[in-house]
Amino acid sequence: MLELINVSYNAQSESGEKEILKDISLKFEEGFIAITGPNGGGKSTLAKIIAGIITPTSGKILLDGEDITALSVTERAKRGISFAFQQPVRFKGITVKDLITLACGKEITVAEACDYLSQVGLCARDYIDREVNASLSGGELKRIEIATVLARSTKVSLFDEPEAGIDLWSFNNLINVFEKMHSKLGGSIIIISHQEKILNIADKVAVLVGGKLEAFGAKSDILPELLNATSAACSVLTNGLEGQK
Amino acid sequence: MNDTEKQLLKIIADMDGVPNGAYNIRSNGALLDRKTTPNVDIKTKTDKPGIDIIIRPNTKGEVIHIPVVINETGLSDTVYNDFIIGDNADVIIMAGCGIHNCGDNESRHDGVHSFFVGKNARVKYIERHYGEGDGVGKNVMNPTTVVNIGENGYMEMETTQIKGIDDTVRVTNATVADGGTLVIKEKIMTHKNQVAKTDFTVNLIGKNSGANVISRSVAKDDSFQSFKSNINGNNLCNGHTECDAIIMDNARVEAIPEICANHIDASLIHEAAIGKIAGEQLIKLMTLGLTEQEAEQEIINGFLK
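Respectively, the protein sequence lines represent chains A and B. Residue numbers 194 to 438, in this note's numbering, belong to the letters of the first sequence in order. Residue numbers 4 to 308, in this note's numbering, belong to the letters of the second sequence in order.
So here's chain B without its partners, still in its complex pose (with noise of 0.2 angstroms):
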């Protein structure tokens, strides 16, 4: 492993070193490293790019990491990444994507994640993208992820575009069952002439099933952001959608949540709200002795947290 992948590595799924418990570390397309355990195992596809990752039912507390990291110009990447989560176990998956591109050609990786969230299972998805390079060669990336939650089954999925990516459309699709919940935290920030696409769509099937998904966003520059949230109730459920965005300089936002009761039990929200930094906002932080471009980071940050 070189220091570039290693400096990915650690930011896009804090790994310094080895980490404990299954991995999969993905580079320029083909398999860099990967460990199992007894109750992770983790295979090749034979049909396709991508693997399986199969999680034993009853799985307790393991950390399962799932990297890919791309550091030669012009490579372009689909894999198909299987996740099958046993009934009644809880894990914590952290996957990511990190692009070094320093040539002028595009670097691309594509991912299509599908999870198979047994009964009772629960599991936090992490997942981070950053892109970095001197070249003007675009980092594009478009993960697809396709979520099935079955009964009382919980899916928490936590996906951060940290910086860098010229260029991303992000599609979730998600059937909840009975009992089931899934929550998405999504959190973006877009430089220059970026453009980041998010388009999530939950169908609420199960009764007693609920989802709620939040995304924070901070576009900057000339940059474009289109988010698109539909939640369909079909039966007995709650559903929320919230976007939230902080646009600056030239940036463009657009937010399109959509909710659909097909059900007289469906309740569900939604919510967006985009504009600039509050005037007020950056004066409190400056009575607290903090330039105006300080007081805007911390902001920033704090809103991204």
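Isolated chain A (complex conformation) (with noise of 0.2 angstroms):
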């Protein structure tokens, strides 16, 4: 189990210091938890501190009860915390099977690396043996990104906005995606996102608004909440503003 405890963090900006997580508190049991919240909530940079990627100014990271508050990136990674970035990255001369293959941590086939391909809508085929550089595009990447995770098949997988660049089509496959994981996996599935249809498949939602946590729990108790309002983020920003009052 993932947990954070008392998470801070603050960023240096032009003006000074700038509070960007404010004192989060969660705990991730197993299953699929969404995180969700308005633009500027500090939901990828809770990503990237749960990945290591940015070390917090305050406050605790444990799993399955080790404080991993201090370990880098890999080793995260290797105790089973994995990341599908945002933006996805793009690098010359490495191809999407190379990708898949570094994944997995071991060789594998070209039918095993099609496999994860084929589970995010990508014909497999034509893809395999491509580059991983700007002749994709970024709804292809998203996908190649998301199959890398898969193919980690780690207890923590962790998604920034999965969904952001992929089209209507494709997005339905991916809330398919995601149930199989949920199903095949196990562990804890975390997923930012803005999206009501993933945050319909998810056990738990968490609410991020200014950097604070300003509500978490099952997606029954949540959820309502957040539809009910004419428009959900405008709704959870204006009590998240309320709330900082």
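It is worth saying that the hints were derived from the structure and are not from the lab. A hint or two may mislead.
[Unchecked claim] From chain B, some residues computed to sit far from chain A (all C-beta separations above 12 angstroms):
id, residue
1, Leu34
2, Thr40
3, Lys63
4, Ile95
5, Lys127
6, Val143
7, Asn241
8, Lys287
9, Glu301
[Stated by the list, open to error] Chain B residues, not near chain A, derived (Cβ > 12 angstroms throughout):
id, residue
10, Asn31
11, Thr47
12, Cys105
13, Glu154
14, Glu159
15, Asn196
16, Asn211
17, Ser270
[Said to hold, decoys possible] In silico lysine-lysine, DSBU-like type, Cα no more than 30 angstroms apart, as pairs:
id, chain 1, residue 1, chain 2, residue 2
18, B, Lys51, A, Lys285
19, B, Lys188, A, Lys271
20, B, Lys223, A, Lys285
21, A, Lys285, B, Lys188
22, A, Lys271, B, Lys223
23, A, Lys285, B, Lys38
24, B, Lys308, B, Lys13
Keep in mind it's a predicted model, so treat the numbers as computed, not measured. Beta carbons: idealized from backbone N, C-alpha and C, even for Gly.
Please assemble the complex out of the two chains, which come individually in their own frames, going by the hints.
So this is what it looks like as structure tokens:
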């Protein structure tokens, strides 16, 4: 189980120090957890703190009871944390097969690599030897990024806005991918998302506004409140701002 | 053939034993072994060191190996090799030079290779340069390649400097006739205080001729690389030159792409990019469980693949 205890993060800006995350405590039990909230609320920062890309200013991160706050990105990955970037990285010369092989951590057959690609809706044979470079569209890169996390099959899988840049048809498939992951992988699947359809398949929903955890609980408790408003995001934002007053 | 020679031949020419097809192996400045085939003749030059490789018209699918190895320290070897590729032929030529220098003197190989690619002929030319040895003597290679591509001819030149070459100046001069195409793919990695300079000049003189010159390089430690590429478009033609380099440590890289359109229908493009490995590339691979050093190596391997 992944646990955040009183995690805060301050970033340096031109106007001085800015509080990005404020005293976040969260337990990610096994299951599907969605993190939502308005833009700029600190969701991506939280994901980077879990992956080890950003070190929190204060607070602790525990994985199965072990304090991993001081561990590097690599050490956390080895302990079972996977992270799909919001904006996937491009590599000149590294092929899709290379990247999926690295994600698996062992040599895999073309058929195995193809299987992961098929799961994210890519016609595998067309992609397997292509370079992960600018010749791929944003949506294609995004799906390959998700495939690398599938290939890792770890106990914590973290996705930062997986739906961004994916077309409507693929989006429905993406929902299926996450539903399958849920039953197959076990562990904690944490998805940062603005999409109702993704929130709908979550067990729990966390709402992050202005760097603070505004709400966290069962989907059945959180989601109706979010959706009842004319605009969920506006409602969350309004509540959040009111909460800060 | 001793073990060092065998090992060098494997690295530079993928040779594991005697290859099928024609070959000419030169070791320490002298002929070590040669084989010809009915379609591929190899003759020793009489006026200067070197050989003529004559490929008969319509020869298809033959692979010709022309490697050079040096394992004597202080040896300086210059050869002039001419490749005459007959009309309609389609062949692969694997050349390359490996130096094993355990002494304190400079070992040097300067190869001047001239290609005459016939009408409608296709040739893939693979050239690998590699150096090793524990001594302080430098490994130096200065290849010069002269290319003449005939009507509708095609030549792909893949040159790789694998490692261990302390000093190199690589000069290529090419002329492409009507409908002809030249593709150059260069890969270089330099370490320590190594210096690598490349200088390509391509003259597109024929109608519908084309050239694509692509260089990818990695410069580490205190090494220095210079890439110069000059494409002259003298007719209706397409030319593209691209230099992509990764710099690390205290290394320096300069790229001087030059294109010159001397004809209204010449279409020429140059691109050059030099930079260190992007931090987000390292982080992505680290999230897959690689250490920073492993991530760096994977990025370099992929880049130079």
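Now the hints, each set against the structure:
| no. | hint | verdict |
| --- | --- | --- |
| 1 | Leu34 | 38 angstroms, holds |
| 2 | Thr40 | 33 angstroms, holds |
| 3 | Lys63 | 26 angstroms, holds |
| 4 | Ile95 | 21 angstroms, holds |
| 5 | Lys127 | 19 angstroms, holds |
| 6 | Val143 | 28 angstroms, holds |
| 7 | Asn241 | 19 angstroms, holds |
| 8 | Lys287 | 4 angstroms, violated |
| 9 | Glu301 | 7 angstroms, violated |
| 10 | Asn31 | 36 angstroms, holds |
| 11 | Thr47 | 40 angstroms, holds |
| 12 | Cys105 | 33 angstroms, holds |
| 13 | Glu154 | 32 angstroms, holds |
| 14 | Glu159 | 18 angstroms, holds |
| 15 | Asn196 | 26 angstroms, holds |
| 16 | Asn211 | 26 angstroms, holds |
| 17 | Ser270 | 21 angstroms, holds |
| 18 | B/Lys51 <-> A/Lys285 | 43 angstroms, violated |
| 19 | B/Lys188 <-> A/Lys271 | 37 angstroms, violated |
| 20 | B/Lys223 <-> A/Lys285 | 18 angstroms, holds |
| 21 | A/Lys285 <-> B/Lys188 | 15 angstroms, holds |
| 22 | A/Lys271 <-> B/Lys223 | 29 angstroms, holds |
| 23 | A/Lys285 <-> B/Lys38 | 40 angstroms, violated |
| 24 | B/Lys308 <-> B/Lys13 | 18 angstroms, holds |
The structure fails hints 8, 9, 18, 19, 23 (numbered hints given earlier, in ascending order).
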